[in-house]
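Sequences and hints are given; from them, build the entire structure.
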Amino acid sequence: MRPIRDVAVIAFGQTDHRRTSDDLSEVEMLMPVLHEVLDRTGLKTSDIDFTCSGSTDYLAGRAFSFTMALDGVGAWPPISESHVEMDGAWALYEAWTKLLTGDADTALVYAYGKSSPGSVRDVLTRQLDPYYVAPLWPDSVALAALQARALIDAGDTDEPALAGVASRSRASAAANSHAQLRSPVDQGDYVVRPLRTGDCPPVGDGAAAVILAAGERARELCERPAWIRGIDHRIEAHSLGVRDLTDSPSTRLAAERAGAFDRPVDTAELHAPFTSQEVVLRKALRLADDVDVNPSGGALAANPVMVAGLVRIGEAAARIHRGTSDRALAHATSGPCLQQNLVAVLEGDPR
Amino acid sequence: MSKEPVAVVGVGQTKHVAARRDVSIAGLVREAARRALADAELTWADIDAVVIGKAPDFFEGVMMPELYLADALGAVGKPMLRVHTAGSVGGSTALVATNLVAGRVHGTVLTLAYEKQSESNAMWGLSLPIPFQQPLLAGAGGFFAPHVRAYMRRTGAPDTVGSLVAYKDRRNALKNPYAHLHEHDITLEKVQASPMLWDPIRYSETCPSSDGACAMILTDRAGAARSPRPPAWLHGGAMRSEPTLFAGKDCVSPRAGKDCAADVYRQAGIADPRRDIDAVEMYVPFSWYEPMWLENLGFADEGEGWKLTESGVTELDGDLPVNMSGGVLSTNPIGASGMIRFAEAALQVRGQAGEHQVEGARRVLGHAYGGGSQFFSMWLVGAEPPSS
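In order, the protein sequences belong to chains A and Z.
Count the first sequence with my numbering and you get residues 1 to 351, in order.
Count the second sequence with my numbering and you get residues 1 to 388, in order.
FYI, nobody ran anything at the bench for these hints, they're computed from the structure.
Computed from a predicted structure; not experimentally measured.
Be aware that one or more of the hints could be misleading.
Claimed, not checked - Covered by chain A, according to a simulated footprint, are these stretches of chain Z (three or more residues, beta-carbon under 8 Å):
1) 81-89
2) 103-109
To be verified - No more than 30 Å apart at the CA atoms, straight line, and that leaves these computed lysine-lysine pairs for DSSO-like:
3) Z:K175 <-> Z:K307
4) Z:K307 <-> A:K44
5) Z:K15 <-> Z:K190
6) Z:K258 <-> A:K44
7) Z:K307 <-> Z:K258
8) Z:K307 <-> Z:K249
9) A:K44 <-> Z:K249
Positions of the beta carbon are idealized from the N, C-alpha and C atoms, including for glycine.
Below you can see the structure in the form of C-alpha cells.
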C-alpha cells in the first residue's frame, strides 16, 4: 500500500551503548541525543508538531517512568505528544500515522532503555502469559534457545553457521563507534544449549532519537531524506506451542504490506538479538546474498532494550542520508521468539 | 489532501466491579471487545488493526501485555499497538486508533483500554520509591488535594461544592448498568458525613478501584455507511502534554488542558463551548475536578466553574449535563477510564445511552487527563458527519 503522503526520516542520533550507565539517569542519557537530532536539522522543540516515545516501566522499575523524559524534552509551552509502551520503532509508526493525517508535518521520536539496574533476562519473563507461563520464569535466552534448537533440527542452520553470524556482525560493528561490542567475541560456552555466549546479545543501556518530516519540509531540512515507502507491523500468537518457531509469518506479511518485495533492497538492518533469529528473518524476508545485512553490527553488537528496533530504522536511514544505500529495509521485533515484527522500507531520491 | 472522516460504530463495556475473579485479564478484554463487535454487527475478520491502552504495567504485574493479549483480541496476523500516557491513556489510545483510519492506513480498527486492578495493588504500583525524586504523597489523592485547596482559595468556592458533584455522579451511575458503584441509598448528607481522606477530599468524593474494559470500533466513511446503528462522527481530537512540576505550572488550570480544548474546538468549529456543546463526559476522579475542569475547558470563566455546578447546570437534566454515566467517581478501571469518557460521548450522540441519555445530544465532549495533570486527551463527537 502506497502511503497517502510522503514522509521521511531526516535525522537520527544514538548514544554510545554501554554495559552500564550508573552515572546517568534516563533523562541525562537521552538529552544529548535529542539535542543531536534537533541540531542536525536546525529545528527547535517549538518547531516540532508531534512527539512520540517508546520505553517500558519494567526496565525503569517504576510506574509512569516516561513522564520524567518528557520533562527533558522541554514540553513548555505544551506539546502534542504520545507514548507507546513498546520499542521506539512503534513510536515511529505512531508518529508516521500522525503525519499521514496531515495534522503534523514534523515529528520527534525517541526511545530509551537501561537494562543495567536489573537482570533483563528475568525482567523479560514478565512479558509472558501471567497465569500459565510467567510463574515458571522461562528467561529470554532459554526461549531463544528453543527457537535455535528447532532451526537446527529442521536443518535450517547449524552451530558453525550461527558462529559465522556472530563474527560477521561484530566485525561490522568495528566501524560503528556507538556499538557496545566492536571486536570479535569468543563463541564461548553454552549459555542455554545450543546458544553460546557469542550467539547472545550484549546487555546494555542506550537511547536513540529520530526526526520525521513530510513532503517539502523533509527536502528543506535534509539533503537526502530517507523516504518511508512503506511501514507495517504484525503480531503472532503468544504461546510458543502454537507457532512454528523456524518461520516468521508476521515478518513476511509486514514486509509484503510495506512493499519490501516490490524491488530488491541493498541494505537490511535486522533486529535479531540472537544469531539464530537472523536465520529466521533472512528466510522470511527473502534476502538475497548480496544484501548488506546489519552493516552497523545489529543487535548482536548493541541491544538496548526498547531502543534497538528504532536504531535499526535510524541506521538504515543514516545510510541513505550518507548515500551508501538507495533502498533499505529496517526491521524491529518485540516479544519472545520474534512474536511481533515491524518492517519499514526506506528510499533515497534517485541520484 | 484531506483526512478520512472517522466514525464510531461499536461500543462495548464490561460491568465494572471491584474484582472480576471469574475472568483472566484476557477474558476481561475479550468481553468488552465482543460487545463492541456485536454493537457494530461485525466479526473479528472485519477488524484490520488493534490499538490497546492501559495505565502502568505494574498495576497488574504484566510487562507489555499486548503480547499476551494478542490472541484474546483477535489480533494474530494483524498490527497491534500499545499506548501508555498515564491516566489519559484511554483517550489517547482512541486517538491513536483514529489516526489509523484518518490517515487511511486501515479501514476498521478495534481500540480497547482496560485495567484489572484486583490482580495487584495500584497504590503499590504508584509507590515504588525512586532516589532523588519526590514520592507521590500517599497516592493520587495526596498529590491532587493541595491543588483542590488552591482552587477553593483562588475562587472563593464554598466547601459544599465537592459533595454536590459526588452526589450527582453517584445518582447518575444508578442509571448506568455498567457503572461500578450503585449506591441506591445515597444522600447528600451521607456524602458530607463521609470520612475526610485528604483534606478537603472526602471518602465519597473519590473514585473507586475497578476492574473493567471498554472497547470501540472505529471505521471510515464506507464502514459507517454499513453501520446498523447511528454512528458517532469525530469532529475534533487532540492531545497535549506539559511537564509534571515546574515553577510556572498552574496546577489548578494547566495550560496543556486549555490548549488541548482549544485545538479540539478549532477542529470542530466550536465558537462557544457553553452554547455549542450539549453534554460532557469529563475525567473527574475527585469531585472538585468538575468545577476546575469546567473552567479549564472553557465552559465557565475563571473562578466561575463552581457556580455552574452549584446551580444545577451540570445535573443530568441541567443545561450542560456532566458525567451522565456516573463518571470516574463511580467507575475507575484507571487505564480504561479515559476511553469510557470517549465511548460515553459517542453513545450519547448515537442516542444509545439508555436511561442516562441526554435528549437531543448532538455534540458531546469526551475528556481525559493523567500524570500530575500533565497529559490531556479529548475528542468531540457529533451525530452528523463533519462538514469539511
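Take the C-alpha atoms of Z:K15 and Z:K190, compute the straight-line distance between them, and say whether it is at most 30 Å. holds (25 Å)
Do three or more residues of the segment 81-89 of chain Z come closer than 8 Å to chain A, measuring C-beta to C-beta? holds (count 6)
Regarding the pair Z:K175 and Z:K307, is the alpha-carbon distance no greater than 30 Å? Holds, at about 25 Å.
Assertion that chain A covers the segment 103-109 of chain Z - criterion: three or more residues, beta-carbon distance below 8 Å: As far as the segment 103-109 of chain Z goes, the hint holds, because 3 residues have Cβ atoms under 8 Å from chain A.
Can the restraint linking Z:K307 and Z:K258 be considered satisfied, given a maximum Cα separation of 30 Å? Between Z:K307 and Z:K258 the Cα gap is close to 20 Å, so the pair holds against 30 Å.
Assess, step by step, whether the Cα of Z:K307 is no farther than 30 Å from the Cα of Z:K249, and give holds or violated. holds (25 Å)
Below or equal to 30 Å on CA atoms is what counts here, so check Z:K307 against A:K44. violated (42 Å)
So if I understand the rule, the pair passes when the alpha-carbon distance is 30 Å or less; does Z:K258 with A:K44 pass? holds (23 Å)
Next pair to validate is A:K44 with Z:K249; report whether the Cα-Cα distance is within 30 Å. holds (21 Å)
Hint check: a violation occurs at hint 4 only; the rest are consistent with the structure.
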